Structure formats: structure tokens, C-alpha cells
Amino acid sequence: MTSNLAPPRQKHIIILGAGITALSTSLALHNLKHIAKSSTPFAQTIIAAHLPGDSSIDYTSPWAGGHWRSHASTADLESESRLRKWDKRTYEVWMEMLEDGRLSEDEINDLGLGIRESRNYWAKETAETTRDGSGLWWSKERELESDDEPVDSRSVKAMKGGGVKDFAVLDLASEKSIGVENIPDGAVFGIKYTTVCINIPQYLSHRFRSAKDRGTTVIKDTVDTSAGIEGVVKDAKRILISQNREAQEEDIFAVINCTGLGARHFVGDEESAKLYPVRGQTILVKGEALKARSYVEFGEGTEEDELLYVIPRPGSGTTILGGCKQKGNWSGDVDKVLNGRILQRAKEYGLAEELRTGNGREFEVLGFQVGLRPGREGGPRMEAEKRKVDETWLVHSYGHSGGGYQCSAGCGEEVAEIVLGLEHEVFA
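Each residue of the sequence shown is one higher than the last, beginning at 1 in UniProt numbering.
Calculated from the structure, these hints are not laboratory results.
Treat the numbers as computed from the prediction; the structure is a model and nothing was measured.
Among these hints, one or two may not hold up.
Lysine to aspartate or glutamate pairs mimicking DMTMM-like chemistry, simulated, CA-CA at most 25 Å apart [said to hold, decoys possible]:
(1) K192 to D171
(2) K386 to E125
(3) K220 to E230
(4) K325 to E300
(5) K336 to E377
(6) K325 to E125
(7) K234 to D390
(8) K388 to E246
(9) K327 to E125
Start from the sequences, fold in the hints, and give me the full structure.
Take a look at the structure:
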């Protein structure tokens, strides 16, 4: 006996943006059918004005450093608890990808991630510089808060663990006497641990290709933001339907807003006022540093928002030197004076001596870059609108500031869980 019931129509999800948050969200949504038995696999479409390979001050992801270094505090606050969970999950995902043996050496090189030692130094005492390392939540094994329990069972064991690999508080006096590593003059505290460094252009392109290979469609277009969130949802649906003849408006289940600072143009005045840029400026130099290194809390006065970091880009033969965190600065212009300070500090504090291969033991500078991290008062916004917008769910994921990469896998999974919850609510 055959059934005359037509198969359920495929539901569509539109993702706005093509930065690391959007791409990680797309990949997490593709995993839903594996981890949660979603009733109908979603067809996904990314709509974005800028894609990997593009250069624009309005497209933040290509300009990142970057490596895994959580900036979430130990505070007993929901916002910090969520950051800790996302950052920890991303560390786990990256380490699993690099260490579980499923990827060949060529595949790892194509991925753009690499395991390195990181050494971090402080010039002043802060809440992070406790002598037992407890000021850094990721310093040791610890139980996560009860509301941090994972939704599925994929990583229960891993999520119960706390610390990153090989964490240790450094005995700076002993380190100086040994003389293997340069210790910055004035440093009062230091740590080392195993991190994951990122070849940003490579990794971003890899995530983009992976999403497309899994079935995500990409439309390069600009969504009209002049009519607020309802106008954005309407125009996103219009763009999808104009490009996909099989898609019908009633099939579009959700729009996911991963537009970073671009969200300020349509989320409403109250929410828009919470968004601000955190300007960063870095220098790309020849050579791949042996370790990631940083030195913070040395700046005073007009230089208080400056720091020094050295981040190798695995497999590229290059390294990023930075930088600054200039809150509220919208300028995309390269500050030549700041460039001079970055290079001088790298030499003065000796954090990248192996890269001083140019004439006169100078760094061989390959380029400069400026990016605007998408800051938000109160931390990232990760939630669905309480009511549908133009008969479609709208989910937000933006405001990750300088932590977009290091929380990307965890954030993507939480957005997927939000979408799954909406689906179960509708189709229960």
C-alpha cells in the first residue's frame, strides 16, 4: 500500500553575513541532522555584501590576529558564563580537529590552524595575575556552572573538563636566569599554555568552502536596512526567492543576523546604541614566529589601549605583530606612528627575535592592516526575537568584539540549538 502524502517541503534558513560567526553558524546548522535528528534538514543561504577574499573595513573577519586566548573573566555572571562555555567548546573543537588523526597533514595545512605554545606576560598586577593561575578560568580543570551543561551528549566528557593543555605559571626569575626565552623588562607575571594559532585568510576560506561543500548557497548582495528589522527580513527573503525559484516565502523558517557592526543600521535605536567598534591595527612581517607571545598592561595615558602581541600564521611563513584596542575609533586609516611603536616594542621587549632577519636586524614588513572589532555593551547578543518578524523567526548572533574566532564553534552550536528549539516549538 503506497502513501499519497507529499513529502514535507524543505525549510529555508537565511544567514546574513559571511564572517567567521556566520560561517561557523552555517556549519553547526548542517550538523543538526546528525546530532539532534532535526525533522527536516534546512536549506541554507548566506547573503552578504562581502565574502572571504574581499577587503573592506566593513568586513572584520579577514583582519583578525588571531589565536585562542579567552578574555572571559571568572566572574559569576551569566554573560561571562556563556563566554567561557563558547570559548572552551571552540578550543575543544580545534584541538580535536588537529589531534584526533582524522585529518591528513595536507588537510591540516589546508585548514589553516596550528598548535603552538603561547607565552603571555603582564606589566602590572590585575585580576588575572593570581600566583596560582586561578585568575584565568581556563588555567586548570574545573567543573562548569550547572547552566553550562551541553544540550547533547557529543562532548559531555570534554565539557566537564576545564583547563587548556600544558598551562603553567612562569617563574620569571628562573626563566631569566635560564635565558632560553626573552622575558620583557618590567614583567611581573607570566604564563604559558598550548594554544591554537590561526592563519586567518586560510581558515576563513576553508570554513567558507566547507559550508558550500555541505550545501550552503551563497548570494553576494546587500540587504536594504532602511526599514528596520522587518525591512531586513522582508528584503532578505526577497533576495532569496529571486535567486531560488524553488523557495517560497512560507518555506523560509528563520533569518540569522550575523552582521557584526552592520546590525547597528537596523536593530533599533536602543540596541544600536550598545554597538561600538574596537579598532585594531597590526603589521604582517616575514617569518613564522616559533611561539605566540604577548605583553600587556604596560601602556599609560594615550597609549593605555595598546598592547604587544606576536601571532604566527601557521603554514604561511608570516607573523602578525600588534596592536591596540581602541574603543569607539571608527578610522580605517593606518596610523604610521602606532606602527612605529609596535615595531619598537617588539624589538625592545624581545618577543619576536627570530623574525628580525632584515638589514640591521629589522623586521621585514610585508603589510599593514586595520580592522574594527564588533563591540557590544553587555557582550554578544545571542537570542531569537520573542515574536516572529514578517512571519519569520529572527535570530541574532553579533557583538563578539575581539573574540569572534576563539568562540566561533561554541557560538555556532548555540545558534543551531536556538534554531532547533524554535523548530520543536513550531512542529511539536
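Results for each hint:
no.: 1; hint: K192 to D171; in the structure: holds (11 Å)
no.: 2; hint: K386 to E125; in the structure: violated (43 Å)
no.: 3; hint: K220 to E230; in the structure: holds (21 Å)
no.: 4; hint: K325 to E300; in the structure: holds (14 Å)
no.: 5; hint: K336 to E377; in the structure: violated (30 Å)
no.: 6; hint: K325 to E125; in the structure: holds (19 Å)
no.: 7; hint: K234 to D390; in the structure: holds (7 Å)
no.: 8; hint: K388 to E246; in the structure: holds (23 Å)
no.: 9; hint: K327 to E125; in the structure: holds (22 Å)
When each numbered hint is compared with the structure, violations occur for hints 2 and 5.
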